[in-house]
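Engineer: Put together the whole structure using the sequences plus the hints.
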Amino acid sequence: METTVSDRSAPLRLLPLGDTAWTVEFGDRIDPALHARVLGLAGALETARSSGLSGDFSGVVDVVPTFRSLTVYYNPLQSDGERLGRALMHLAESAGTASSQGRHWRIPVCFDDDFAPDLDDLAKAKGLTREAVIALMTEATFQVYMIGFMPGFPYMGGLPKVLEIGRLSSPRKAVPARSLAIAGEMCAVYPWQSPGGWRLIGKTPVPMFTASEAASPSLLASGDRVCWQAIDRPLYLEMEAAALAGVLARSDLLLPQGDQ
Amino acid sequence: MQGMIEVIDGGLGNSIQDAGRFGYRHMGITVSGCLDPMLARCANALVGNSPDCAGIEIRGAGPTLEVTQGRVRLALAGEIGATLRRGSGELLVVAAWNSVTLDPSDVLEISYLPGGTAFLAVAGGIDSPRQLGSRSTYQRAMIGGINGKPIVTGNVLPCSSQLRREAREFKATPWRHGDGPIRVVLGPQQGHFKPESVEQFLGSDYQVSTQIDRMGVRLDGAPLQHISAQAADIVSDGVTPGVIQVPGNGQPIILLADCQTVGGYPKIATVISADLPRLAQLQPGQSLRFCAVNAAQARQALLERETQWNWWAYGITFDLPDAVINKDLTAGWPCTVG
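Those protein sequences? They're chains G and W, same order as listed.
Everything in the first sequence is counted per our numbering, starting at 1 for the first residue and increasing by one.
Everything in the second sequence is counted per our numbering, starting at 1001 for the first residue and increasing by one.
Keep in mind the hints are simulated off the structure, nothing from the lab.
Check each hint, because a few of them may be wrong.
Stretches of chain W that chain G covers, calculated by requiring three or more beta carbons in the stretch to come under 8 Å of a beta carbon on chain G [claimed, not checked]:
id, segment
1, 1217-1226
2, 1257-1263
3, 1293-1303
The structure displayed is predicted, hence computed values, not measured ones.
For glycine and all other residues, C-beta sits at the position ideal for the given N, C-alpha and C.
Structural biologist: Right, dumping it as structure tokens:
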């Protein structure tokens, strides 16, 4: 998993978002090596916060890993922002990388026509058969860079290069919830029905966001890895019904750590 | 006994909000919370609540509420008022910045708010279910509030009830937000803009457009120029309420409490926390200006705001209705304050 191209990374930068957040920026592009440093800092910060040894982080209220940076939000009445910024930079300089600390999921996807309105066009544009596209998607391992855009929406890298394709020139008004979608070098699942311009190539019965899972309403987290497993319609319908009834166990979708 | 409020008319643009939902932004869940936390604090203080109690944020046609059970104290903060129809048929005008106590079958009809934000606090706070640590309504994820939605006709809002009649009603002067330019800290991506555009951003007037909601406010003004076409996009990174992002068209968008957690437009500046509540009061057509401050000035502004708040809260006084004043008070107050 580890990709060592960090030597060409930009210098570390500490950027203010007003007086309530700092962004520690490792670079300006999408790059697994940069993301490994983001996760390294996130891990070091979590350790420092949970140890309670350093008071510098006591006013921190939220920590958001992105492709290339970590944004740390704080309560300005409980935290000395300048001091927190210095402590974050100190931590970022000493923190290592962490690229495969996340969970490994195998998530079922049905690629039937009505779930995958852009699959045929994608195959045609790439000179591939439909089956070849599905094979490429299910053989690859995707990395979750960050959750954002909407609650539970995972931005995933790892799309086979041959499948890279631009967004639709005219976005759809309503993308069905749980659609598997690709755009550029990214892959995602829409957690909710929403407008969107990504290409839809399948649908999973697994909810990406479950508010009642209080510890982790978002199924995926930054640092997780995901493989797609093709399923047929009967199994899709069965799992969708189970999910609706609240009896689809998330743990059944986890692969043992280290298993590819 | 618990107090119970039934929503007779949901109005429009009203939602249950508290001080916000923290600790979930890495899952794409924004903070939400009342757009004007100072008004929420004021209204809560007038009914004896802690500042973070859940109440109703009003952003349009105010709701009409009937107490169906218990004795419930309420207070409004903001440029708004209400009419109270007692169960006896008596009609009373209820002004903001005054608490009022409703008995069962009393109906409070809250007026229309032409723009900006007001807040209704309920003694003890609205006791709707807490979801992910907060009662704040966040429609996008359908969490908080009642079933994750704004207030609608027919909602039933549980709250506290007074055990015995509290004769005093509390009042205060209206909270005054600071005026002058909205203070910002430049960045994080001011380098994506031509230096003359940064100057222009800080030196010219912007008009509030009609595109304004809990997610953000779009402004109209002379377009700001990025240093290149590529500089109008960044690889998405973290944003927060108060961030001013500028897409390719050069028109700034200020993000508010329900904004997304990450964004791909460069951020020219971020409004400081002391001035964030002022954004809740922006109305279409209004013009505004920005000025840049440093971290020390932002901190100073916040501490001054807190001092102002302490003085405001210190100025809360109370009235005794005539009926009480005429009684023999030597035995002490009719009831202790909750």
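Engineer: Confirm or reject each hint.
Structural biologist: Status of each hint after checking the structure:
1. 1217-1226: violated (count 0)
2. 1257-1263: Answer holds; 3 residues pass the 8 Å Cβ test.
3. 1293-1303: Held - the segment 1293-1303 of chain W has 4 residues with a Cβ nearer than 8 Å to chain G, which meets the minimum of three.
Figure legend: structure checked against the earlier numbered hints; the only hint not met is number 1.
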